[in-house]
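Peer 1: Take a look at the letters that make up each chain.
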Amino acid sequence: MPTDDESTTAAADARGAGGGRVVAAIAWLVGFALVAAAGRALTPWPEDFAVTPKLAWLREHPDAVDTLFIGKSHVFRSFVPPVVDEVLEKRGRPTRSFNMGAEGMSDCEIDHVLRTVLELDGLQLDTVWIETPDWVWRSAVDENMDTNRSVNWHTPRQVARMLRRLVYLDEPWRDRVELAWMHLRNGWLRATSYGQGRRIVRSLLGHREPQPLTQEEIDRERGFQAAEEVDTTEARIRRERFAENAEEGLPQRVRHLVKRNRIVDDLSHYDFGALEAQLDVVRAAGAEPRYFVPPAMHPTQWVAPLAEGGHLPNDPPVFNDPQRHPQLFTLETRWDSHLNRRGAEVFSRIFANTMARDDD
Amino acid sequence: MLFTEFRYLAFFLVAFAVHWGLKRDGARKNWLLLCSYVFYGAWDWRFCSLILLSTFIDYNCGRMLVRPDQATRRRLWVTLSVCANLGLLGFFKYYNFFVESGEGLFTWLGLDFPARTLDIVLPVGISFYTFQTLSYTIDIYRGNLRPVTSLRDFALFVGFFPQLVAGPIVRAVDFLPQLSVPRRLAGVDVRACLTLFLIGFVKKACVSDNLAVVVDEYFASPAAYDVVSSWQATFYYAVQIYCDFSGYSDMAIASAGLLGYELCINFRFPFFATNIGDFWRRWHVSLSSWLRDYLYIPLGGNRGSRPFTYRNLTLTLVLCGFWHGAGWNYIVFGALHAAAVIARVEWRAHRNATDASRPLADLVGVLLTFWFFAGTLIVFRPSGLAPTLEALRAYALLDTAGTLRLETGFAWLFPALAVVHLLAWRRTFATAWERAPTWVAYGVLGAGSALALQFAARDYQPFLYFQF
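The listed protein sequences correspond, in order, to chains V and U. Just so we're aligned: 78 in our numbering is position 78 of the first sequence, and the numbers increase by one with no gaps anywhere. Just so we're aligned: 191 in our numbering is position 191 of the second sequence, and the numbers increase by one with no gaps anywhere.
Hints are computed from structural coordinates only; laboratory data are not their basis. Heads up, some of the hints might be wrong.
[To be verified] Just the calculated beta-carbon pair ranges, DEER-fashion:
#, chain 1, residue 1, chain 2, residue 2, range
1, U, Leu423, V, Leu184, 53 to 63 Å
2, U, Gly104, V, Glu228, 51 to 61 Å
3, V, Gly249, U, Leu13, 33 to 43 Å
4, V, Met145, U, Glu217, 21 to 31 Å
5, V, Glu209, U, Ala401, 27 to 37 Å
6, U, Ala401, V, Arg236, 32 to 42 Å
7, V, Glu209, U, Asp362, 42 to 52 Å
8, U, Leu151, V, Val30, 43 to 53 Å
Here a beta-carbon is modelled for each residue, glycine too, at the ideal position from N, C-alpha and C.
Model the full assembly from the supplied sequences, consistent with the hints where possible.
Peer 2: Here you go:
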């Protein structure tokens with residue numbers, strides 16, 4: 001065949017027939033797999049992700065933690081590990097806790113981060129507190145699908161989970177096919193470290209991208225960062241929107257939350273397999289899995305039936321209930337939809353006391 | 001669906017596997033035709049009807065052109081084919097340009113212009129397949145080709161997906177005979193095809209798409225940058241365009257090759273051209289040779305006085321520029337190249353060079369040709385009049401008030417690409433590569449593919465030539 005630029009030759013007629021083709025295919029696959037695996041191993045975690053510096057800290061201090069809190073932003077902005085440790089110390093239960101929360105994590109992303117943490121060398125966790133997952137398929141598909149962060153959690157396991165959920169999803173088939181395609185594509189991008197070459201080279205050359213948390217901050221706060229200390233455009237907009245109409249808006253949102261909390265899910269679309277796999281992986285690492293609901297401003301209608309059905313290892317403490325914890329839903333304790341430092345400290349004390357009571 | 005997308009990989013694997021899995025050649029052609037329409041429909045299925053229309057018109061014109069009782073009407077049929085094809089192209093691609101230009105002229109004269117612009121979407125690849133079908137009827141008219149008897153074969157020639165949307169512009173005389181000979185997988189040089197596809201992917205995804213970011217940054221506000229940045233961005237743009245288009249051609253040729261079909265060469269190391277005439281014999285060869293055979297030579301070529309030849313050259317190159325897009329910038333681009341070709345002819349007629357000065361003259365020629373071509377790309381790029389003039393002033397007159405400096409992270413690319421290009425041109429590793437044991441060659445290809453994916457630009461950039 002003619003070749004452009006004559007950079008390759010148009011020689012050979014029937015090169016590699018029969019056995020030759022098998023050798024060629026195997027050689028190609030081996031070459032591809034080796035370089036892809038090397039690239040995967042060398043690809044740094046996304047630099048805009050709070051989990052990345054936290055993982056680096058845990059690698060450096062694997063023996064400094066025995067209790068882990070993991071979940072979305074309402075975990076990140078709510079658990080103050082030094083406060084939790086102080087309360088538990090006073091209750092005669094010394095603990096060294098760590099906040100592994102990060103903004104905007106989907107359940108699959110949390111699961112992926114959790115598995116990565118559990119695989120760290122030398123880390124011996126006693127308890128892992130996990131934000132109770134809903135495994136809602138669609139929640140993992142949003143405008144962030146094209147980001148490095150989203151690609152990062154598309155391990156073969158998570159992609160398979162997403163595809164399995166297709167069967168149960170109550171959506172038009174076209175949407176399902178589109179969603180499946182997006183996850184398959186991200187799985188491919190991750191497996192091949194697509195477009196990560198420059199980051200790999202920069203990382204190998206010792207270049208460090210700016211991270212959302214410094215190691216000193218993590219030393220001090222153990223993974224917590226107060227919502228009011230975040231100086232990004234997005235955070236400022238969030239705060240402005242909240243403050244604009246806070247006096248009327250917050251009570252209204254709280255009333256709405258109370259009403260929506262009464263709705264109970266029938267769990268017909270719940271991925272119990274994913275939940276069981278998560279429990280297994282935590283237990284296999286020698287830790288006890290515990291679930292909870294952080295002081296978020298949204299309902300979690302799947303939690304009560306999960307607990308009542310005996311699917312969870314514990315009766316999860318629920319903190320998105322303004323009637324039970326009114327002090328966490330006031331202007332004094334909220335910065336935007338998240339708690340402020342003061343609110344986080346109040347919450348951490350309540351949570352630590354709950355932990356101690358459960359242990360008793 | 002871009003050749004660098006994961007979607008295309010999945011699509012091609014299915015197309016390839018079913019194609020070679022089918023026993024009968026007719027079934028294979030049916031399958032490829034179906035794949036081609038699916039491929040084209042992935043952009044906008046409505047435009048499949050346009051290809052169908054073009055296919056039917058030219059298929060029937062082709063048959064009518066050889067009917068004994070139609071001998072006196074042959075000119076009519078070929079005119080119908082030319083008008084239908086150019087009419088479709090003219091409407092979808094140039095209608096708004098002519099209306100806007102007419103409106104501008106009438107307004108300048110203080111008159112009202114009767115027509116209005118329409119909301120027309122340019123069908124992807126229309127310039128490519130229009131020229132392909134035109135070559136079919138014109139070749140039959142000239143007696144160089146027998147009309148094809150199978151509508152399916154002709155439809156496949158027009159719609160064959162590897163070359164459908166961005167060329168190379170395949171001549172009927174080259175492609176149709178391949179459809180009458182059954183394809184054999186054993187006849188496919190898989191190693192060469194995979195190598196070529198990988199080279200094309202690297203050019204497009206790793207070089208062109210990465211350069212696009214810097215180039216776009218400069219051309220967004222050229223007045224803000226200094227002269228060094230102006231040269232840097234202009235050279236980057238030349239490399240970007242080259243890698244984009246030749247990369248696409250490589251992947252198209254390789255995809256077709258894997259399916260057992262040969263497509264023509266589209267680039268012959270254009271950046272090693274020693275003059276602008278030589279450049280056009282190396283750049284987008286399928287278009288330049290099409291224009292030579294179906295426009296320049298019928299116009300009279302160089303078989304006349306010098307002014308006559310210059311008129312033909314100018315017409316051909318201006319139309320070549322205009323083929324690229326409906327804008328005055330493309331016409332100016334073509335005119336600049338025509339002026340350069342004419343200047344070169346004049347200079348050659350009066351110079352007194354000896355053989356001893358040849359290597360140095362060639363080197364100077366290569367550098368000058370590249371510099372000129374890159375400069376004309378400033379006009380080619382649709383940035384608007386003011387930014388274009390700013391960029392030209394900085395590039396050609398070294399005059400700008402800008403002080404910003406572009407990122408120099410890609411500067412190493414130039415010597416690296418020059419060396420690779422030189423090695424490829426001299427075929428330094430070609431023999432070794434051909435003789436390499438199967439497991440070594442495919443192992444390297446696999447590793448190279450994985451590495452290419454890692455260094456691809458993160459976001460897919462549409463191919464620049466799709467807009468043409």
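Peer 1: Which numbered hints turn out to be false for this structure?
Peer 2: 1, 3
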